[in-house]
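For the record, the sequence lines run as chains A and B. Throughout the first sequence, residue numbering follows my numbering, covering 950 to 1392 in sequence. Throughout the second sequence, residue numbering follows my numbering, covering 8 to 154 in sequence.
A couple of the hints might just be wrong.
Which bits of chain A does chain B cover? Going by a derived footprint, with three or more residues having C-beta under 8 Å, they are [stated by the list, open to error]:
{"#": "1", "segment": "1049–1061"}
{"#": "2", "segment": "1266–1273"}
Derived Cβ-Cβ restraints for the label pairs, each shown as a range [as the list claims (entries may be wrong)]:
{"#": "3", "chain 1": "B", "residue 1": "T42", "chain 2": "A", "residue 2": "L1208", "range": "29 to 35 Å"}
{"#": "4", "chain 1": "B", "residue 1": "K43", "chain 2": "A", "residue 2": "A1207", "range": "33 to 39 Å"}
{"#": "5", "chain 1": "A", "residue 1": "Q1262", "chain 2": "B", "residue 2": "A46", "range": "35 to 41 Å"}
{"#": "6", "chain 1": "A", "residue 1": "G988", "chain 2": "B", "residue 2": "T33", "range": "41 to 47 Å"}
{"#": "7", "chain 1": "B", "residue 1": "N128", "chain 2": "A", "residue 2": "W1101", "range": "45 to 51 Å"}
{"#": "8", "chain 1": "B", "residue 1": "P45", "chain 2": "A", "residue 2": "L1218", "range": "51 to 57 Å"}
{"#": "9", "chain 1": "B", "residue 1": "M8", "chain 2": "A", "residue 2": "W1101", "range": "21 to 27 Å"}
Derived by calculation from the structure, the hints in this document are not laboratory data. All C-beta atoms, glycine included, are put in the ideal place defined by N, C-alpha and C.
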Amino acid sequence: MKYKTQKVAYWFWALSMLLWTIQLTYGFIMGFARLGYDGLHQWIPFNTAHTVHLNTLVVWLLAGFMGAAYYIIPEEAETELWKPKLAYLQLIALTLVGVAALAGYHFNIWEGRKFLEIPRELDYLVAIDVILFLVILLMTILKGKKKSTTVWVLFGGLAGAAVLYLPGMITFDSQVLDSFFRWWVVHLWVEGVWELIMGGILAFLLIKLTGVDREVIEKWLYVVIGLTFLSGILGTGHHYYYIGVNKIWLIVGGIFSALEPLAFLAMTLWALNMYRKGQKKHPNTLAIYWTLGAAIVSFLGAGVLGLAHTLPQTNLYTHGTLVTAMHGHLAFWGAYAMIVLAIMTYAMPNLTGRKLYDHARGRMAFWLSNVGIFIMVSAFAAAGVAQVYLERVLGYDFGDVQNEIKPHFWVLITGATILSTGAILLIIDFIKYGLPTDEALES
Amino acid sequence: MLSKQQAKIFFLVGTFVTFAIFIGLTIYSLGQVQTKIPADVAHGKHLWEKNNCMGCHTIMGEGAYYAPELTNVIERRGEGYVRAVLMSESPWQPRGRKMVAYHMSESDANDMIAFFKWISNLDLNGFEKVDRKVSPLAIDHMKDNVE
Chain A
950 MKYKTQKVAY WFWALSMLLW TIQLTYGFIM GFARLGYDGL HQWIPFNTAH
1000 TVHLNTLVVW LLAGFMGAAY YIIPEEAETE LWKPKLAYLQ LIALTLVGVA
1050 ALAGYHFNIW EGRKFLEIPR ELDYLVAIDV ILFLVILLMT ILKGKKKSTT
1100 VWVLFGGLAG AAVLYLPGMI TFDSQVLDSF FRWWVVHLWV EGVWELIMGG
1150 ILAFLLIKLT GVDREVIEKW LYVVIGLTFL SGILGTGHHY YYIGVNKIWL
1200 IVGGIFSALE PLAFLAMTLW ALNMYRKGQK KHPNTLAIYW TLGAAIVSFL
1250 GAGVLGLAHT LPQTNLYTHG TLVTAMHGHL AFWGAYAMIV LAIMTYAMPN
1300 LTGRKLYDHA RGRMAFWLSN VGIFIMVSAF AAAGVAQVYL ERVLGYDFGD
1350 VQNEIKPHFW VLITGATILS TGAILLIIDF IKYGLPTDEA LES
Chain B
8 MLSKQQAKIF FLVGTFVTFA IFIGLTIYSL GQVQTKIPAD VAHGKHLWEK
58 NNCMGCHTIM GEGAYYAPEL TNVIERRGEG YVRAVLMSES PWQPRGRKMV
108 AYHMSESDAN DMIAFFKWIS NLDLNGFEKV DRKVSPLAID HMKDNVE
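Chain A on its own, in the form it takes in the complex (with noise of 0.2 Å):
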C-alpha cells in the first residue's frame, strides 16, 4: 500500500465478510423453509429470514463499497486519510446499527418495507453515519495532490447512494405513494448510482492491472456511467407499471429498460478491452479474474436476465414470481458481489504484504462461488417459468404451484451450498492474509 490510512478498509471488508455469513445463512433458512423443512418457524419465520437475508445483502455491499473508498481515495488523491480515527468511529457506528436493526428483526422490530426495513430512528443514524462517511472522503479529496475522474466518479455514486436513501423515510398512506418512492430508492440504487461506485472501483482496478493510460479508461468510465443514466433513470418506469400509476410508465420504463443492458454491455466491452490493450499484465492473476468476471457477468445478470423479464408484455406474467428472484441473485452477484470481491483480491496483498497472488485455494473459490450462483440462478429459472405458465396462464392456485415446483429449490440448495464453499474458501483466504501491517507500504 501507498498510505498507512488505506488500512482502514481491512477492517470495512472483515465486516463484510461477516455479513456475508450470515447473509448464505439466513438464505438457506429460507431454502429449506421452501422445501417444508421450517423447523426454525417459531423463532425465525420467514418473513425474518427474507429481512435477514436482503439488509446483510445490502449492508455486506455497502461496507464493502466503503472498505473500497478508504482504499482507493487516498492513493488517488496522494495523501493520507482525513481524520482515520474518525473512519474506525464511524465502522463502529455502523456495525452497531447493523446489529440493532438485525437483532430488531428477530422482535418484529422492522417497517415492512422491502429493502427498507430498518426502523425509522435506525434510519436517522445510518443518515449520520454515512454524513460522516462521506465528509471524510471529501477533506481527503479536497487535501489531496490530484482529483482524478475516477475519484470523482466513485464519491458521486456514494453521495448520490446517501441523497437517494432520503425518499426512502418519507411516509405514506397511500401503497402507491409509498411503493413509487421506495423504488426511488431500489431502483435507483442498484440500477443508477451504484453502477457509478461499479464503475469507479472498476476504472481503478482497470487502470492498476492493466497498465493502460488512464485517460483512456477514464474516457471510457464517462461513455459507461452516461448510458447507466441514460437508460437506467427512465427505467424505473418499469416498476410502475402495476402499482396503480398512470399508464405512460409502460412505453417509458418498457423503452428505456430495453435500453438498460447497453450500459453493462458497454462496461463489459470496457473492460475486456483495456484487458487485451495492456501491456502491463499484473501478477494478481486473481484479481483479474474477479474484475474481468465482474464486469462479464453484471453483464448477464443485470443486463440480459433483466431484459428477460422487464418489457411490459413480459412483465405481466413473471411480475412478482420467482423469475425476479433469478434476475434479482444473478444481477447482486455479477455487479456488486464480485466487483467487492475484485477489490479485495486485488488490495489485501497489498495492505498485509503477503503476496498470494494466484493459488490453487483461490482460483477454487472464484470457480465454486461462480458456478454455485449459475446453478441457482438456473434453479429460480427453471422454478420461476413453470410458476409463471402454471400459475399465471392456467391460473392454478398459488400453494398447489409451489409444491408443483419443490424439485427446483433442491436444486437451489445444490447450488447454493457450492457458492458457500467457494465463500468459505475466500474468507479462508481473507484470514490467512492476516491483518495489515505498516511493513507492506510501499517505500
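Start from chain A and add chain B according to the hints.
Quick look at chain B alone, frame taken from chain A:
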C-alpha cells in the same frame, strides 16, 4: 475519435435531460394518484408494514414470493376466510407453508380487509386478473390423501 471532454459532456447532458424528464413524468403521474386515504385503509397499510407481510407475500407483485399474491385476495377467498386467517390463534398452514399466527382483533382484521379492497380497486393495467383454479395434480394429491 471521441475525446474525454466529449464523453464527459455526453454523461452530464444525458443525465440532466433524463433526470429532468423523470421528474416531469413523476409530477404528471402523481397528480393523478389518490392521496386522501380512508382511515381504515391507512391503518390496514400500517398493520401490513408493522407485521412485515411483504416478507412472505406479494402485493401488486412486490414482496418475497413465498406466500400468495394478495392484490385480489378478497375477491379470490372472500372476507370471511381472510378474517379467519388474520384472527387465527395458531399458525395458518395452507398447503404446507406456515404463516405466523397474528391473532388480530376483529377491528384490525377489518382494517386489513379495507386495505386489500382498496388495493384491488386500483387500475393495475391488467395485473392479477386471472381466475384461480386448483391444479389437477393437487386434486390427485388430495384424493390420494383421502384414500
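Here's how the hints hold up against the structure:
no.	hint	in the structure
1	1049–1061	holds (count 4)
2	1266–1273	holds (count 5)
3	B:T42 - A:L1208: 29 to 35 Å	holds, 32 Å
4	B:K43 - A:A1207: 33 to 39 Å	holds, 36 Å
5	A:Q1262 - B:A46: 35 to 41 Å	holds, 38 Å
6	A:G988 - B:T33: 41 to 47 Å	holds, 46 Å
7	B:N128 - A:W1101: 45 to 51 Å	holds, 48 Å
8	B:P45 - A:L1218: 51 to 57 Å	holds, 53 Å
9	B:M8 - A:W1101: 21 to 27 Å	holds, 23 Å
Of the numbered hints given earlier, the model fails none.
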